[in-house]
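Trainee: Modelling step: build the complete structure from the supplied sequences, incorporating the hints.
There are 4 protein chains.
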Amino acid sequence: MSHSPSSSCAAPLRVGIVGLGRLGRRHAEALAFATRHVQLVAACSPVESEREFARGELGVPRIHADYEALLQDPEVDAVVLVTPTSLHADQTIAALRAGKHVFVEKPLALNVEDCERVLAVAAEHPDRVAMVGFVRRFDPSYQSAQASVAAGEIGRPFLVRSQTCDRNDPDGFFVRFAPTSGGIFMDCSVHDIDLARWLLGRPKALRAFASGTIALHPGLAECGDVDNGLAIVEFEGGARAVFYASRTMAHGHETSTEVIGTEGKLLVGEHAARDRVVRSDARGVGHAVLADFHERFEAAFSREMIAFVAACRGEQTLDLTLSDAVEATRIGVAITRSLISGQVAPV
Amino acid sequence: MSHSPSSSCAAPLRVGIVGLGRLGRRHAEALAFATRHVQLVAACSPVESEREFARGELGVPRIHADYEALLQDPEVDAVVLVTPTSLHADQTIAALRAGKHVFVEKPLALNVEDCERVLAVAAEHPDRVAMVGFVRRFDPSYQSAQASVAAGEIGRPFLVRSQTCDRNDPDGFFVRFAPTSGGIFMDCSVHDIDLARWLLGRPKALRAFASGTIALHPGLAECGDVDNGLAIVEFEGGARAVFYASRTMAHGHETSTEVIGTEGKLLVGEHAARDRVVRSDARGVGHAVLADFHERFEAAFSREMIAFVAACRGEQTLDLTLSDAVEATRIGVAITRSLISGQVAPV
Amino acid sequence: MSHSPSSSCAAPLRVGIVGLGRLGRRHAEALAFATRHVQLVAACSPVESEREFARGELGVPRIHADYEALLQDPEVDAVVLVTPTSLHADQTIAALRAGKHVFVEKPLALNVEDCERVLAVAAEHPDRVAMVGFVRRFDPSYQSAQASVAAGEIGRPFLVRSQTCDRNDPDGFFVRFAPTSGGIFMDCSVHDIDLARWLLGRPKALRAFASGTIALHPGLAECGDVDNGLAIVEFEGGARAVFYASRTMAHGHETSTEVIGTEGKLLVGEHAARDRVVRSDARGVGHAVLADFHERFEAAFSREMIAFVAACRGEQTLDLTLSDAVEATRIGVAITRSLISGQVAPV
Amino acid sequence: MSHSPSSSCAAPLRVGIVGLGRLGRRHAEALAFATRHVQLVAACSPVESEREFARGELGVPRIHADYEALLQDPEVDAVVLVTPTSLHADQTIAALRAGKHVFVEKPLALNVEDCERVLAVAAEHPDRVAMVGFVRRFDPSYQSAQASVAAGEIGRPFLVRSQTCDRNDPDGFFVRFAPTSGGIFMDCSVHDIDLARWLLGRPKALRAFASGTIALHPGLAECGDVDNGLAIVEFEGGARAVFYASRTMAHGHETSTEVIGTEGKLLVGEHAARDRVVRSDARGVGHAVLADFHERFEAAFSREMIAFVAACRGEQTLDLTLSDAVEATRIGVAITRSLISGQVAPV
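Protein chains in written order, with full-length UniProt numbering: chain A, 1 to 347; chain B, 1 to 347; chain C, 1 to 347; chain D, 1 to 347.
Everything labelled a hint here was simulated from the structure, so no lab data went into it. Honestly, I wouldn't trust all of these hints.
[Unchecked claim] The following label-pair restraints were derived from C-beta to C-beta distances: (1) 219/A / 126/D: 58 to 64 Å; (2) 316/B / 68/C: 40 to 46 Å; (3) 323/B / 111/D: 43 to 49 Å; (4) 150/D / 283/B: 32 to 38 Å; (5) 86/A / 179/C: 39 to 45 Å; (6) 113/D / 52/A: 38 to 44 Å; (7) 56/D / 52/A: 37 to 43 Å.
The beta carbon of each residue, even a glycine, is placed where N, CA and C say it ideally should be.
Mentor: What follows is the structure in structure tokens.
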């Protein structure tokens with residue numbers, strides 16, 4: 001994750017966006033209108049409507065239907081990959097070999113082997129930035145919590161409890177997506193896994209146990225997936241983590257994380273208040289809830305792009321490394337194995 | 001509020017309850033079943049069903065229809081008056097003259113003159129306890145807050161914001177009660193006034209301004225009352241208080257008090273959670289709300305009786321004095337004058 | 001848990017307390033001073049100071065050093081056992097055989113066999129009440145939550161997350177107690193286990209997995225115990241539970257439980273606010289925390305005794321049965337086996 | 001606040017910033033880097049270091065020391081005035097007469113006459129946007145609350161309680177600024193006044209009463225100002241408002257507003273949590289607090305500029321009008337008169 005000192009601080013970074021689905025558009029708009037020191041110079045998508053969006057709405061000058069063409073474009077310094085997970089590893093490798101910096105959405109891959117292939121290629125290109133989108137690390141609240149832990153404010157941290165819980169989608173869109181998602185733990189908990197490692201000081205994971213249930217979406221049974229999953233991970237040195245992932249929350253998107261130490265604990269994100277309004281009426285006292293992770297992590301998505309740009313321009317190093325992404329996949333794979341076997345799985 | 005050292009610590013206090021309406025029954029049950037060192041030996045009410053309740057449900061041996069008869073009863077050490085406000089002053093005086101300790105519900109009287117008559121008689125009976133039921137002083141949270149203020153934890157307190165807000169009663173029972181209640185400030189805010197003086201260290205009140213509105217109960221206009229009232233009180237030395245009283249809350253009973261000092265502030269009772277349950281569902285995240293002051297101050301009503309009994313038995317002195325009750329009425333009267341005149345009123 | 005219709009509703013229940021340690025004294029005081037329809041007529045303890053307390057402070061007329069003597073006392077209708085866990089089963093059986101109703105503190109026993117012996121004897125005495133002290137069931141917040149679940153307000157409940165977390169005791173008193181406590185799950189989580197079954201509708205437990213760590217008290221290693229433990233339990237029909245027990249909280253006693261259903265979730269007890277006071281000062285905004293379970297469950301301990309008395313007097317049946325206590329032990333034992341073996345344990 | 005239909009939707013708005021103090025820089029950075037459809041083409045300041053900042057950090061091409069020069073610049077479509085309050089009225093008038101759209105920081109003026117002069121000139125230039133920076137209207141939480149009120153969710157709103165409370169500045173910088181600030185109500189409460197009118201449906205204000213105290217900054221006495229002020233405002237039709245302004249909070253910046261209606265109430269901003277982190281340690285459970293209004297209203301400042309740009313480009317009309325600013329000053333002036341006279345003041 002090092003970077004060349006020859007990166008010019010003066011010139012803006014020229015970025016090409018790859019994939020303009022919902023999350024891709026968000027990244028593209030941030031790059032086009034709300035990030036300093038960057039120019040969104042190119043866009044790539046096999047989908048005509050997405051290319052039209054880039055051309056018309058964002059005013060992107062260079063439009064490609066083909067990823068290879070984008071990589072050949074000498075006016076592009078960096079690529080941002082918001083593509084299907086199955087493409088992540090190979091596209092990242094190709095970008096690095098083409099001399100581009102690369103940001104790739106999480107997870108890096110659904111198996112450890114692909115992750116390690118990327119790691120090996122990245123090691124051959126130490127002057128190129130390769131960053132995986134663990135966006136929760138760039139959320140102001142998570143950053144504040146991690147800084148407190150690092151400063152010793154809760155003593156020695158030894159337990160993380162973390163959840164990614166989505167509002168139920170009655171249409172069950174994600175059920176159709178399940179066969180390629182890698183399962184609930186690879187799709188949702190990979191964020192929690194990364195946070196747990198980050199907050200606990202990157203201990204080595206030893207074993208995992210998982211259990212799940214299908215509360216509302218029986219269609220998941222076909223591919224061995226569940227809509228509510230629990231996992232315990234044991235780390236070397238005694239630290240532990242518990243993860244909970246759900247697709248069936250009634251109230252909204254509630255992503256939260258607790259880190260417990262010998263002198264205190266920190267809890268990030270509980271209750272998922274949409275804003276600073278408290279309502280009191282005949283139904284009681286309460287507040288509205290965040291709809292989804294886009295709403296929850298709006299600021300974090302912006303800061304993530306700012307961090308990527310700063311890293312590419314050599315202004316700042318990243319605490320988040322490719323190795324972190326590999327370890328998150330390694331643990332997620334072990335948890336998934338345990339879910340399927342019903343037994344404790346070595347990591 | 002002093003007491004005779006000859007009070008025996010060993011013998012239980014023998015109490016007669018006067019008035020067995022809703023609040024009277026609560027006090028009577030507390031005395032009969034849940035307070036140590038006390039015997040509920042007598043009950044008095046002009047209402048047959050109330051006397052029957054005392055006899056049958058509480059097993060009270062001495063039942064009187066007439067207050068004078070109760071006062072003549074040599075087996076009664078103390079009386080607890082839960083009677084209409086218009087009777088408070090004279091009944092308190094009669095009890096003291098009969099040699100009884102006396103607990104009287106708030107307010108002591110609706111005018112300052114009656115309060116001062118009681119004060120004068122009490123001064124002639126320094127060995128009898130006379131206590132007014134400012135129950136919020138006995139609530140654990142208010143006691144904790146006051147102790148913090150007294151310990152200097154918020155520096156010098158200079159502002160109190162306090163409210164007594166009842167859930168709207170669509171039947172408007174209190175409208176019929178309005179002509180004799182003394183108005184919203186005498187009926188509701190008298191608690192807040194007492195708390196403000198207590199928390200601010202009993203400064204002398206100088207001036208008051210009040211304003212009100214009728215949100216839902218036009219019948220109040222006839223007797224010059226409002227269903228939502230605001231008041232500012234200025235104290236000598238610079239301290240200030242703001243009071244809010246409402247009969248029209250949609251969500252429940254929300255009594256709260258904030259005391260602000262030079263080094264911090266304390267807020268008691270906001271949001272009026274009924275219990276420790278948080279609900280998350282399609283309507284958001286929230287909690288149930290207290291229905292009324294009975295539910296809010298259940299523990300305080302018990303502790304209030306315990307404090308009265310302990311004072312009568314000479315085991316403890318009361319921080320809450322008759323003078324406090326006189327001052328609360330004095331300020332309440334000035335606020336009410338301001339509401340009617342529309343101008344600043346001297347206290 | 002049935003009761004004889006011949007129980008007189010009129011006569012107060014005559015109770016003997018057995019064991020007057022901290023919790024025993026609390027029960028005894030509640031019975032002596034704050035519970036209707038009951039007389040604390042006897043006390044039993046092998047400890048002279050405890051007998052003296054019962055005689056002097058509580059005014060209990062019949063004092064026994066020997067449990068057998070108490071059971072022979074014809075003036076005693078019911079016994080309340082607050083004795084070491086190792087005695088619970090035999091003392092309960094002896095009480096039933098002596099024709100007494102019996103309340104016994106949790107857990108009923110540390111092994112399933114002892115529980116089943118009690119169950120068998122209780123079955124022979126269907127007119128005697130036998131109740132185990134799962135006090136959290138009598139807490140107003142837990143009762144409200146369970147009523148909501150039973151009323152279908154959160155749809156079908158499928159997951160419980162529950163914790164019993166004590167404030168760290170730097171002296172580590174519990175370390176010396178560890179060899180006989182049955183371990184952290186039997187000592188603390190047994191409450192959470194009972195709640196999970198109650199909230200989920202008493203499904204049959206199938207398997208358990210546990211993992212733990214020692215954060216602060218290395219002395220626990222000797223007896224195979226931990227000071228922080230996690231467990232997942234799988235139930236027939238798909239429901240799941242996650243338990244967390246800790247001896248090392250920095251902030252206080254935080255017992256909380258979340259029950260998640262298909263249409264919402266309920267969370268009981270988070271953040272453990274000591275009272276209704278919010279403080280704002282240079283350190284931020286916050287509140288004080290409950291010190292221990294005595295403070296948290298003060299109201300529940302009273303209600304628990306009221307429920308026991310009412311059941312003995314035939315006025316009400318108990319939802320909490322001896323079978324519930326057996327199942328809680330059965331699950332607790334399986335969790336403990338998993339902690340020791342490191343593998344999934346059948347229940 | 002109307003706008004010419006001839007405003008081109010295509011061309012970006014060319015803006016000149018006037019004044020580059022702390023808040024000016026924030027606006028300038030938002031315009032330069034984070035707002036679509038706008039170009040920051042000019043900057044104006046009498047201070048050399050501010051001009052240098054605009055040139056060097058923001059890359060602004062046209063730099064002026066003199067406001068008149070900026071107004072003559074034909075490449076400037078709109079000006080953003082972040083200048084001393086005493087200049088607001090005349091600079092706004094000059095901008096309108098020069099054919100520019102104008103955004104001016106609040107308050108529009110410290111007296112009603114100046115406000116009305118601006119209003120008259122604006123009426124002569126109906127195709128130019130003139131907007132006053134009541135930033136709280138653009139905060140997502142305030143917008144959500146106002147939308148709920150407008151949708152009838154709390155019935156008929158009849159009471160607003162609103163506060164602007166700053167963290168105490170031990171250096172008392174604002175004391176030196178006091179003689180020209182217009183006093184605490186004109187400086188701080190003008191926001192609350194505007195919100196109250198907005199939430200209550202713009203009723204006509206009739207009377208005001210104010211009271212204040214000096215808690216920590218005796219230097220304010222010289223200019224008749226206070227560091228803690230309270231005010232009640234009466235509106236035609238029965239609505240009421242209570243304002244609290246403070247310079248002496250120990251914990252941080254806590255701006256909050258409650259609007260109470262016949263069927264519910266909404267509370268915005270209480271407790272001023274800095275982020276989504278809850279800390280539990282030996283001091284209790286709590287959270288960090290916002291430092292100042294910059295931190296609290298970061299998102300609102302951005303949205304405010306976006307709204308100004310959209311209005312200038314004819315894409316959207318503004319709910320916030322110049323008349324609103326005039327009325328806010330009118331009420332603020334009446335409150336201030338009452339503070340000084342000690343009597344009720346007509347508005």
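Trainee: Determine for every hint whether it applies to the structure shown.
Mentor: Hints, verified against the model:
1. 219/A / 126/D: 58 to 64 Å: With Cβ atoms ~60 Å apart, the hint holds.
2. 316/B / 68/C: 40 to 46 Å: holds, 43 Å
3. 323/B / 111/D: 43 to 49 Å: This hint holds: roughly 47 Å between Cβ atoms.
4. 150/D / 283/B: 32 to 38 Å: violated, 20 Å
5. 86/A / 179/C: 39 to 45 Å: violated, 54 Å
6. 113/D / 52/A: 38 to 44 Å: Violated: the Cβ-Cβ distance is about 55 Å, outside 38 to 44 Å.
7. 56/D / 52/A: 37 to 43 Å: holds, 39 Å
Checked against the numbered hints above, the structure violates hints 4, 5, 6; every other hint is satisfied.
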